[in-house]
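Chain by chain, the residues:
There are 4 protein chains.
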Amino acid sequence: MNYKAIIEDVYNTVRNEEDAGKLASYIPELAKVDPEKFGVHFSAIDRFEFGIGDYRDKFSIQSITKVLTLCLAYKILGEKIWERLGVEPSGTPFNSLIQLEADKGVPRNPFINAGALVICDILLSHLDNPKADFLEFIRNVSGNPGLNYSPKIADSEKSVGYRNMALCYFIKSFGNIKNDPLEVLDFYFCSCSLEMDCSELSRTFLFLANGGRKLFDPTPILTKSQTKRVNALMQTCGFYDESGEFSFKVGLPGKSGVGGGIIAIHPSQYSIGVWSPKLNEKGNSFKGMKFLEYFTTNTQLSIF
Amino acid sequence: MNYKAIIEDVYNTVRNEEDAGKLASYIPELAKVDPEKFGVHFSAIDRFEFGIGDYRDKFSIQSITKVLTLCLAYKILGEKIWERLGVEPSGTPFNSLIQLEADKGVPRNPFINAGALVICDILLSHLDNPKADFLEFIRNVSGNPGLNYSPKIADSEKSVGYRNMALCYFIKSFGNIKNDPLEVLDFYFCSCSLEMDCSELSRTFLFLANGGRKLFDPTPILTKSQTKRVNALMQTCGFYDESGEFSFKVGLPGKSGVGGGIIAIHPSQYSIGVWSPKLNEKGNSFKGMKFLEYFTTNTQLSIF
Amino acid sequence: MNYKAIIEDVYNTVRNEEDAGKLASYIPELAKVDPEKFGVHFSAIDRFEFGIGDYRDKFSIQSITKVLTLCLAYKILGEKIWERLGVEPSGTPFNSLIQLEADKGVPRNPFINAGALVICDILLSHLDNPKADFLEFIRNVSGNPGLNYSPKIADSEKSVGYRNMALCYFIKSFGNIKNDPLEVLDFYFCSCSLEMDCSELSRTFLFLANGGRKLFDPTPILTKSQTKRVNALMQTCGFYDESGEFSFKVGLPGKSGVGGGIIAIHPSQYSIGVWSPKLNEKGNSFKGMKFLEYFTTNTQLSIF
Amino acid sequence: MNYKAIIEDVYNTVRNEEDAGKLASYIPELAKVDPEKFGVHFSAIDRFEFGIGDYRDKFSIQSITKVLTLCLAYKILGEKIWERLGVEPSGTPFNSLIQLEADKGVPRNPFINAGALVICDILLSHLDNPKADFLEFIRNVSGNPGLNYSPKIADSEKSVGYRNMALCYFIKSFGNIKNDPLEVLDFYFCSCSLEMDCSELSRTFLFLANGGRKLFDPTPILTKSQTKRVNALMQTCGFYDESGEFSFKVGLPGKSGVGGGIIAIHPSQYSIGVWSPKLNEKGNSFKGMKFLEYFTTNTQLSIF
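Protein chains in written order, with my numbering: chain A, 783 to 1086; chain B, 783 to 1086; chain C, 783 to 1086; chain D, 783 to 1086.
What the hints contain is simulated information worked out from the structure, not anything from laboratory work. Honestly, I wouldn't trust all of these hints.
Since the list gives no way to pick one copy over another, a pair counts as held whenever it fits inside one copy or between any two copies.
Said to hold, decoys possible - With a Cα cut of at most 20 angstroms, we get these calculated DMTMM-like pairs of lysine to aspartate or glutamate:
1) K819 - D962
2) K940 - E965
3) K857 - E831
4) K1064 - D885
5) K1006 - E1075
6) K840 - D828
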């Protein structure tokens, strides 16, 4: 398979298509990003790598972080975390409170905001220095000591994060947040502010295509079974109420962020990071979705 | 991989576990089935086959039929069918009207009852003799001219199918059922009454593991792309509001029926049919789910 | 109080205001009504009566019938009827299935369609000849042997009444409809097709302003307590999800119908029937609501 | 009418009935109240007054305050307040977020918590010293300079008020809270901590039975029209999702609080304050509801 040629071809096709998406406007700092940015980076477990476009520009990975906070909580506590949240797709927008009310404060899955808040709460209870410890975990997983939070983005999101505050207090009212909601929110906003470029993104997540291990390090980050389960969750829940669409058209586990980034995983094969800031109606990168759809169509490879 | 040994091993383990499930009671005829039945049949694209337990006993495949009605409608109309229904998991029980009201009569996906009714409506508009034509399609796909409906089961379901009647009239009120609701319901109940044993089940669905073709017949039933999409839909929507759990624990596309049957597909590898009539709280076969969970755990193979 | 002068004054004011409403379009026969019709008739328990405009034109009273079917069922069975439905406002549109699903088939109150269907089911179980017996009850209450159903309206509504069919089968699926849904629906559509003019309307309902008795007949139709309770229900539930607005602006118990009629009751004082076919967004007569708002404002009398 | 005899009679009957209610447990300070307390006080506009039982014991009026904050906001801004909230019954429990999500942050009415928070927000924007100014308003309306907040109750509620915090941030996320949510919540919890005994309660609310004026003071607190509208709102929305039941059984406008107090108004006649701390399932005083039901049954007087 000539991945390089296919990526170049699809990249050029999508770059020239009209972008019907819009910049995320609700977080002030995100609205300042250059909307024309478009980058892709591919990392295979056979060590082949290839990047194109703005793949070396940093962006805010936002909700893609939710996979990483999940992995750390899962690593620490194992299957016990599922006492606090579910593994079902939500069928409703990412920040819905309706389902949470019906489910008495137990979030449907770790990739909606409610679930990520509960995961952050779990980490707060088990880490000595949550922000520093989580950053160290990310740097270790990525093999990249230069990764960092963006305090400017975190502050910007905190200044308008009323919906997430509502979610966190709501879950607290059901007793499913154990720590002070303000501390949970502070950690949550900080974790979402992680910045990566496409190459860092695809390299960081390659362990999920590799059975839970980094390429050159036999120490497992997650067990094989945990890795499969995280991939399964990305498949069914990674794109809010567009998860079915992504699964249908792209056919790979993945996770999007409101900063316009998407990571997708082909188990036993590769990870691919895509970034384009303008979002479709469901809050997922318009060109990122297009790129991945054409990419798996052209490679004729998906998990299905 | 010694599939035979693994299947035997897992079958014996699960057979001896306590069955916390309950027989479907809402359809009178289904409540008469022997609750202790338990069968498994495996069909690989390399032609290896293996069955164990009650794999030659016929049962009502019920909602598993929804995959087959979808395939026929998809074959006839292509992507146009998605103008009438979606591809997102529903996040609510299989016969919920709530979502349908919010979505103005457009069902979330073809595997909830509402979606299957719309698919039946599409087939009614495009088939000369819907019941006969659909049966011929199934017989052709399975290569088994002996497959048939069970009028007794269809009548039994029709006699108490008030929820499905409500669903059908409700969709009709939004204009998304084109034919007479009574005809749509009649065809729907008939299609759900199809009877197979586990070997017929796994053989019938093998084309979904084989890129859309039967083993010995190059004529495609579905295109490669359609096949992938049907598998993706089974992955995200095949088990009602337990789809995430099945994906998480089993890691294969699949579809369950209230008769206690489950079909699961490993693309490019095999299909496996399981049957045990007692259902868990979500309406899926209790032992069937257990068997498939242990099976993919022991084979250490899933799509993730 | 010079009711005549106030009615004339308000009538002329409202007649000259722009009518932002629209004719009910979903029932074909109702869409044929002259949209400019506007009539009012007032009946006091001191025997004063006054009519203005098109108050002698017959129209389809539609959902106003729900008060009368309730009264007959209440008369026959007493407080036992509340085992089958509630007395709370619904907070949702008149034909919503959402609440019914949450409440397991127990309608919120007798004035939403679901509740009226349950009342019709109760009547079917207790009347020998439901249609004839109900008509006799109405003729007796009104003292008017000329009142009748409109088979044309009933047929027209039945031809498109998919939402009500869905409601009825849905309640049946919870076991809260005891008779054949088709018979319940037939009786329901028939009862809604009752035709009255404004004078017949206000005279028929005067017993609710008179403690449950007709003016010249000491035999109670309802007990005093039942009468108060029916009035209370009209106050809180008579206008679907505009009940609060009507209570707030008009301050009287009342009930509207999709034919453009409204009946309002001032206990111990009068009943007033208003008719204008164009409906506001909530399905209540636009000019009828306006008239009653100005009328109670000008009389400075309401129950509050 | 011998109100004294009827009150004594009903009081003794209800005192001796079993109390199936339970103390509010979610606010720690409220759980310390003596559950056997039971008091009633009646104030008529003809100046007759009568109290029985523990009618001189102070209690936390809690949500009854919502009528008073509404009155002050209505007095200051007039009908403009309805741009920020509705007048419809909610049909759901008092602290539901579901409806708020569907209605984009516009609360259904001023008596659910969401609506009261918006009213507090309005007051914050228009009062120089909100807490002091509101207290002065209450003292003026009641003619009682001794009325006061209970800082202990306010702090107790604030310490566990996660649901209200969630509500407030949620409305803020829709832009319908203009001030800092923490300030709104602080004022809200303070206002709910007002303490009165039954005599203070009935005297304070007598102006709503008197067309908006105090007995001995011609200065209107509200206009006649506003007074009627506040009464209408209490009728349709005063008891959360038991408003219909209260209207049905008691037939008077009223408002309950989680401290076990209830105020009921008979326009042009009287106000009556009842207090008994144990609550029924819907969060309304068990004995308070019973007392008022029997009271209006025995007087044979209600607004209907």
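**Asked** For which of the previously enumerated hints does the structure constitute a violation, in increasing order of number?
**Response** Hints 1, 3 and 6 are the ones this structure does not satisfy, whereas the remaining hints hold.
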